[in-house]
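S.K.: Residue strings, one per chain:
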Amino acid sequence: MPDTLRHLLRTPQGLIGGGIILMALLAAIGGPAIAPFDPEAFHVRARFSGPGATYWLGTDQFGRDILSRILAGARSTLFLAVAATALGTVAGAVLGTLSAFIGGWVDEALMRIVDAVMAIPNLLFTLLIVTVLGASGVNALIALGIAFTPGMARITRSVALAVRQQDFVNAAVARGETGSFIVLREMLPNVVGPIIVEATIRVAFAVMGLATLSFLGLGAQPPSSEWGLMVAEARPYLFRNAWMMLFPGLAIALVAVAFNLFGDGLRDALNPRA
Amino acid sequence: MLVIGERDGCRPGMEALMDRPAPLSRRNLLAGTAAGGLALVGLHGAHAQTARRGGTLRISVEQAPSKLNPLQHRVGPEYLLGEMLYSGLTRLGPDMAAQPDLATSWSSNPELTEWTFRLRPQVAFHDGSALTAQDVVATFQAILDPATGSPGRSNIGPVDSVTAVDPLTVLFRLKGAYADLPVALAYTNARIIPAAVLKGGMARLDREALGTGPFRLVSYEPSRLTVLERNPDYYHPERPYLDRVEVQVFPDATARTAALLAGDSDLMLSAAPTDFARMEGAPGVKGLRTPSGQFLNVIMGCNQKPFDDVRVRRALALTIDREAMVELAAEGLGTVGADTPVNAAYRFNTALPPREANIAEAKKLLAEAGYPRGLELTLVASDRPNTRAQLGVALREMAKPAGFNINLQTMAHATFLDQVWLKGPFYIGLYNMQPTTDGIFSLLYASSAPWNESKWNNASFDKLVEDARRTADDARRRELYARAQKIMYDEVPTLIPVFFDLLAGIRTRVQGFNLHPRGAVYRIEEVWLGGA
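Taken in sequence, the protein lines are chains B and W. The first sequence begins at 226 in our numbering and counts up by one. The second sequence begins at 1370 in our numbering and counts up by one.
Keep in mind that the hints were calculated from the coordinates and are not lab data. Since the structure is predicted, the reported quantities are computational estimates derived from the model, not experimental observations. It is possible that some hints are incorrect.
[Said to hold, decoys possible] Simulated restraints on C-beta separations:
1) Ala1720(W) <-> Ala271(B): 31 to 41 Å
2) Leu230(B) <-> Arg1593(W): 49 to 59 Å
3) Ala1627(W) <-> Leu250(B): 35 to 45 Å
Beta carbons: idealized from backbone N, C-alpha and C, even for Gly.
In isolation and in its complexed conformation, chain B is listed as follows (with noise of 0.2 Å):
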């Protein structure tokens, strides 16, 4: 794994994107400690003020920081991205593998209903979901957990199909193993790499997915400081301050890329042959 690292670094993609996740971890975790001023506190006579020297990034319509209220809301915007993503990975890679190592009818019919789902598209699936579960947060997770599934589900059965002729798989069937032993300790630590690189990139549309739902007023409820909640709030005062726009954005694009560098980076490391 050092080597990887090595390598990863050693990529321009990897050093910018994995520099500005860890900012953004820092954020997610010390932000609240970090921050200048509590990012639900009313400062109600410097409402609407620009970018300046005691707020930073200005106010917003209740007065409130919005640098604080970026920093306090990293740890929601990324705690829930990286859930939403870990979510469908887990279950993706584990229906995957599965399908691929049991192969005949049962791969056919699961391979046919990711394609069903896959069909319907990815905004509208988790709109349904979320529809379905009510408003919140946690259901937001959720509903992009599941609508990653089916694609992760792809990915990692194409990659497990190849691994499923190796010899060492032959063995253990040989040996007598337990499907549940060859899916879990045998395929899925070999399928492991282009899954990590995917579910890395992901995380990127996790943050925008999730952005959408609390723009929609389906994720985050207010005053939570997610930042997709964030925008939605600021789009009345978008002709008052412009700020309260315009930070949020930029946050949530600058992790977005952020990831999708860092996913590029990790793809190259570890397939040298690229």
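Once you have looked at the hints, place chain W on chain B.
M.R.: Below, chain W alone, put in the same frame as chain B:
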């Protein structure tokens, strides 16, 4: 402070246009411009300009007028259509007094229990049939029939029976003395419909409009565009001045303002406080503002825990810094409320002492009510207009130090109306000003109110409101209403921290439009389009 000051919704130009039908012939127009032009401009400015015929007025509204049947209207855009397509017996003046519409005059017996209305002769419905007293009788019977589901049922006064004395005279017999009847009959739902149509079943009114109003229906696509054209047979010889009216639906406030600024609409009937400043500075557009009795209230289900305890409700009321709330929720374009639904915009109002925020007292009350460690609550706010969520977030923050832990839940407006409105225990409502003090009390707060959402059901309050409506003497009525207001102030069935000024936006070429404090009176037939 509850004093709003003089109602400035009525501007001099309005009376000028109302009382003296403007000369419209080309010769008059030329003469006026050539000979009297200078003098007129000097004396009256723009208001004395001659109303011009023709043109299309594009009005933008914030939600779809989903019902066409005027008896069932319940939101602003529907009231707008109702007023343009139909007429009532009376209409509401800018001073909240009754003015003639289909009725030209009215009188009552000394006990105020029997009212006689004389109808305007030779008025035709859109299908050509003539208006008679029978139509009026049939309409009011339909309104009073619970099966119709008309909000007007409890707003048109204590009407017992309506009978036709002769083809042009209608007699209203009341259950008790009611001085407000001519005002009450101007209610938004009391639009006269042909008796023949009502006899054939009301379903027809969901697709067609058959009124006596100044405009006729051309097309009706509720969620997008409704088109109306001038009714050449309208009873007023000159009006309406416009050939055509288009009602455009723009659910998004920013898009609505953008359309007005870009000249894609001429009149924006409701402007968000956030957009008001922006309109003031734009060329060709101006903002209109009038103090009103419109309010946002926080409904607390008084029939269930924890709000069945008056101390909890009073504690929450005491957490609010009302001056700050006007700033936060209304962008300063409003006035402070004292948890009763009437304010200085009404004819009968007694100013109550403003409720100051007192966190220590609120904490004490909450502890006495059995919640020494605070309360966890979920407050529902629909997403339209966004002032609801604004008020919710501000309330959450203000109530926090007193131990109220409020989770705010926003939802789409349609979902809110379907699932929460009139049902939920804790949500944010929005109501327009009603024509009379009695009207707002019996719409929302009396035990028998059709929209009794707080389920407060206070017998002594009911009694006072009931007594006041049977009282002819103004001073005595004022006193009864003052006592009713005081009970509300002490019992806090709902929180009413802020009254909102009504805001609208208009292109400067649109003439003759005045923003009415009631918020459901538009008088589009008096509007005309100036040059440029």
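S.K.: With 35 to 45 Å as the target window, see if Ala1627(W) and Leu250(B) comply at their CB atoms.
M.R.: Distance hint for Ala1627(W), Leu250(B) holds at roughly 39 Å.
S.K.: Does 31 to 41 Å hold as the CB distance between Ala1720(W) and Ala271(B), or does it fail?
M.R.: holds, 32 Å
S.K.: Given the range 49 to 59 Å, decide if the beta-carbon distance of Leu230(B) to Arg1593(W) lies inside it.
M.R.: Since Leu230(B) and Arg1593(W) have Cβ atoms about 57 Å apart, the given range 49 to 59 Å holds.
Hint compliance for this structure: every hint is met.
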